[in-house]
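Based on the sequences and whatever the hints tell you, model everything.
In case it helps, mature numbering (1 follows the signal peptide of the UniProt record, and there is no 0) puts the sequence shown at residues -20 to -1, 1 to 108.
Do not take every clue at face value.
Restricting the straight-line Cα-Cα distance to at most 30 angstroms, the calculated cross-link-like pairs of lysine-lysine (DSSO-like) are [claimed, not checked]:
hint, residue 1, residue 2
1, 39, 13
2, 39, 17
3, 21, 39
These aren't lab readings, by the way, just hints derived from the structure by calculation.
Every value quoted in this text rests on a predicted model; they were computed, and no experiment measured them.
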Amino acid sequence: MTPLRFGWLALGLAATAALAQAPYVWTINPGPKSGTKWMVKPSNGVEESSTAVVMDAPKPVWARVCYSIGPSESVVTVYSQRGQADVNSTELAWGGCADVFGRSIWIGNAHAQTVGGYYGIAPATPAD
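Listed below in structure tokens is the structure:
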């Protein structure tokens, strides 16, 4: 093996080892203004409206959900569930982001206005 090929091989192995240390790796870096856009219609005043990020995935995933479109004084609720386990919920204030883990992840809106933001999905690591 030539020294140049050995150098590239060593660099590739080092990069792979560094990535393997991260709990999850985003294909994009989702944030308040980047990622996949989501929108939730207004609530009817009786029931919360919602939209799915992922539903019944074969394996649990990480999702970073950011709330940045809508009234700045409001919150949305991010729900996650792993299989048949209890549903977890997290309130997310406008301008904030939350990392959630589950096979089903959805966003609820109890407000009379449309809300939205961005999300990104990362596969779970084998350790999960």
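Next pair to validate is residue 21 with residue 39; report whether the Cα-Cα distance is within 30 angstroms. Holds: residue 21 and residue 39 sit about 28 angstroms apart, inside 30 angstroms.
Tell me if the straight-line CA distance from residue 39 to residue 13 falls inside 30 angstroms. Status holds; Cα separation ~27 angstroms.
Hinted pair residue 39 and residue 17, Cα distance within 30 angstroms: Distance of about 23 angstroms is within 30 angstroms: holds.
Checked against the numbered hints given earlier, this structure breaks none of them.
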